[in-house]
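The chain contents come next:
There are 2 protein chains.
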Amino acid sequence: MTTPASAPARIYTAALVVIGDEILSGRTHDKNIAQIATWLGVQGIRLREVRVVADDTDAIVEAVNTLRLRNDYLFTTGGIGPTHDDITVDAIAQALGVPVVIHPQARAILHDYYTGRGSELTEARLRMARVPEGADLIPNRYSGAPGIRWGNIYIMAGVPHITAGMLDALTGTIEGGAPVLSATLGCWVGESEVADLLAATEKAFPGVQIGSYPFFREGRTGANFVIRSTDEATVAACSAQLTQVLADVGYGAVEGGI
Amino acid sequence: MTTPASAPARIYTAALVVIGDEILSGRTHDKNIAQIATWLGVQGIRLREVRVVADDTDAIVEAVNTLRLRNDYLFTTGGIGPTHDDITVDAIAQALGVPVVIHPQARAILHDYYTGRGSELTEARLRMARVPEGADLIPNRYSGAPGIRWGNIYIMAGVPHITAGMLDALTGTIEGGAPVLSATLGCWVGESEVADLLAATEKAFPGVQIGSYPFFREGRTGANFVIRSTDEATVAACSAQLTQVLADVGYGAVEGGI
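As they're listed, the protein sequences go chains A and B. Position one of the first sequence corresponds to residue 251 (this note's numbering), numbered consecutively onward. Position one of the second sequence corresponds to residue 251 (this note's numbering), numbered consecutively onward.
Bear in mind the hints are in silico, worked out from the structure with no lab data behind them. A quick note: this is a predicted structure, and the numbers were derived from the prediction, not measured. Where is the CB? At the ideal position from N, CA and C, for every residue including glycine. Just so you know, not all the hints are guaranteed correct.
[Unchecked claim] To give a feel for the contact side, a few chain A residues facing chain B, derived at Cβ under 8 Å:
| hint | residue |
| --- | --- |
| 1 | Ile283 |
| 2 | Glu299 |
| 3 | Val303 |
| 4 | His334 |
| 5 | Ile337 |
| 6 | Ser442 |
| 7 | Asp446 |
| 8 | Ala449 |
| 9 | Ala486 |
| 10 | Ala487 |
[Stated by the list, open to error] Derived Cβ-Cβ restraints for the label pairs, each shown as a range:
| hint | chain 1 | residue 1 | chain 2 | residue 2 | range |
| --- | --- | --- | --- | --- | --- |
| 11 | B | Ala483 | A | Pro354 | 29 to 37 Å |
| 12 | B | Val504 | A | Gly469 | 37 to 45 Å |
| 13 | B | Ala486 | A | Val350 | 34 to 42 Å |
| 14 | A | Pro389 | B | Trp438 | 25 to 33 Å |
| 15 | A | Gln491 | B | Val504 | 56 to 64 Å |
| 16 | B | Arg260 | A | Gln494 | 54 to 62 Å |
| 17 | B | Arg320 | A | Leu319 | 15 to 23 Å |
| 18 | B | Ala483 | A | Gly401 | 43 to 51 Å |
[To be verified] These stretches of chain A come out as covered by chain B in the derived footprint (C-beta under 8 Å, 3 or more residues):
| hint | region |
| --- | --- |
| 19 | 272-281 |
| 20 | 366-375 |
| 21 | 457-465 |
With the rest of the complex left out, here is chain A (with noise of 0.2 Å):
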């Protein structure tokens, strides 16, 4: 049997857990949600919902346990290290009911990367090799602590570098739909003057979606509209018209921003 043409594609959505109370103190600036949400459109995979928790059990019991059952995939950044306060895979494995086990191959590659540097594996850095029962590993080409899947969770490291790595090495792993294409339109107007324009313009192609991003720039007023949908042809006539119908009221956009 072939799909009918005229199916609407499948969505597939994901859903991202920051742990950590040192974004929450505003200490550290995340940088992963914009990280992994760019990663994840190129998948084919909408970023749907953000949770940071503290560095807290139950808070992160409760986010896991609702985010992993309504979308197709959980990541969660932050909390895996050796130290006292990462408590990450303790709380999932409780969020999951499995207990926390060593993972064999997580030790011998912590065993390989400590003795290859001359030292050894403590029972600190043991503690890096901790899974939920039932995981698999996700390859840290930085610095040897691997990330850890467990059926549609995956567990990633909090700082950002080392986060690369895990996604890079997760690439094309992971079943997406189409990817959300876009197109942007830059121009010198305040937002509220073309509102009713981009409403109409919205409304016009089904399926597709103008986000208005306004600013403030060399002292006068512009925004980015974005165009967004799965298909392209459809994205290529949004922004035509959209063009068209600004012109028509006296502003020039720019295509890709300004």
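Given the coordinates of chain A, assemble chain B onto it according to the supplied hints.
Okay, now just chain B, sitting in the frame of chain A:
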């Protein structure tokens, strides 16, 4: 009746809902989480949880109603502009079960703002005077359109410098408790080498949290240890003890962090 000296200080908590497809698409890097977290810390309020949700009524309603009830304060950012994708006010009014009304003072502010610039208060711009019934306004010194307070909910702009102006206007108006104080010690050490020392030191100082934030810089591994408590003397004593135990195993700690 006086409060016994031993009574634990009341802790004030806040949650933040960041509203916007542009954050979830990865197009825009959020700056409001860190900005609001830092500002709340100074007010003696702890940011306990953050959710990032799409421009979607159901998602906003769920987040607002869950978080406003279990925190002293709820902040939202984004979605209060004049365009069709700005649905925050309608969604929050729905969450609260109250109608949306035009706030007379907001209408007057917007009227003065636009006529003062040789323009006029159009229908689209009047959208920015809409509030959940019963709301007060939060001044916006930059672009006219005010923020909104309803009960313990503070509805703010998404553009970070406008949010900053609204936070300035709120400074000193919201009741908080004792601010969380912190000291940072930086050390050129792999955190896994001193994990046990960190845990033991934290345990020796009830009410203290020690966070460990590893980094890799100048080809070397290091970590910053952040000691947090509401009591200044306790932070100082814990910091001194951690410096000593690190020195005992051969590591010099740098006050203020690396």
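Status of each hint after checking the structure:
Given the 8 Å rule on beta carbons, the hint for Ile283 (chain A) holds: about 6 Å separates it from the nearest Cβ of chain B. Taking 8 Å as the C-beta cut-off, the interface hint given for Glu299 (chain A) holds, the closest approach to chain B being about 6 Å. For the restraint placing Val303 (chain A) at the interface with chain B, the shortest Cβ-Cβ distance is roughly 6 Å, inside the 8 Å limit, so the hint holds. Look at His334 (chain A): its Cβ gets to within about 4 Å of chain B, closer than 8 Å, so that hint holds up.
The criterion of a C-beta within 8 Å of any C-beta in chain B is not met by Ile337 (chain A), whose closest approach is roughly 12 Å, and the hint is violated. Taking 8 Å as the C-beta cut-off, the interface hint given for Ser442 (chain A) holds, the closest approach to chain B being about 4 Å. With a cut of 8 Å, the hint placing Asp446 (chain A) at the interface with chain B holds, because the nearest CB-to-CB distance is about 6 Å. The restraint placing Ala449 (chain A) at the interface with chain B holds, with a minimum CB-CB distance near 4 Å, inside the 8 Å limit.
With a least beta-carbon distance of about 19 Å to chain B, the hint placing Ala486 (chain A) at the interface is violated under the 8 Å criterion. Taken as an interface hint, Ala487 (chain A) does not check out: its beta carbon lies about 19 Å from the nearest beta carbon of chain B, beyond 8 Å. For Ala483 (chain B) and Pro354 (chain A), the Cβ-Cβ distance of about 47 Å falls outside the hinted range of 29 to 37 Å, so the restraint is violated. At roughly 43 Å, the beta-carbon separation of Val504 (chain B) and Gly469 (chain A) lies within the given 37 to 45 Å, and the hint holds.
A hinted range of 34 to 42 Å holds for the C-beta pair Ala486 (chain B) and Val350 (chain A), which are about 36 Å apart. Checked against the given bound of 25 to 33 Å, the beta carbons of Pro389 (chain A) and Trp438 (chain B), roughly 27 Å apart, stay inside it. Separated by about 59 Å at the C-beta atoms, Gln491 (chain A) and Val504 (chain B) satisfy the suggested range of 56 to 64 Å. In this structure, Arg260 (chain B) and Gln494 (chain A) meet the distance hint of 54 to 62 Å, their C-beta atoms being roughly 59 Å apart.
Judged by the Cβ atoms, the range 15 to 23 Å given for Arg320 (chain B) and Leu319 (chain A) holds: they are separated by roughly 21 Å. A C-beta distance of roughly 47 Å is found between Ala483 (chain B) and Gly401 (chain A), which places it inside the suggested range of 43 to 51 Å. A stretch counts as covered by a chain when three or more of its residues have a beta carbon under 8 Å from one of that chain; for the region 272-281 of chain A and chain B the count is 10, and the coverage holds. Restraint check on the region 366-375 of chain A versus chain B: 4 residues with Cβ-Cβ distances below 8 Å, three needed, restraint holds.
Counting residues of the region 457-465 of chain A whose beta-carbon sits less than 8 Å from any beta-carbon of chain B gives 7, enough to reach three: the coverage restraint holds.
Comparing the model with each numbered hint stated earlier shows that hints 5, 9, 10, 11 do not hold.
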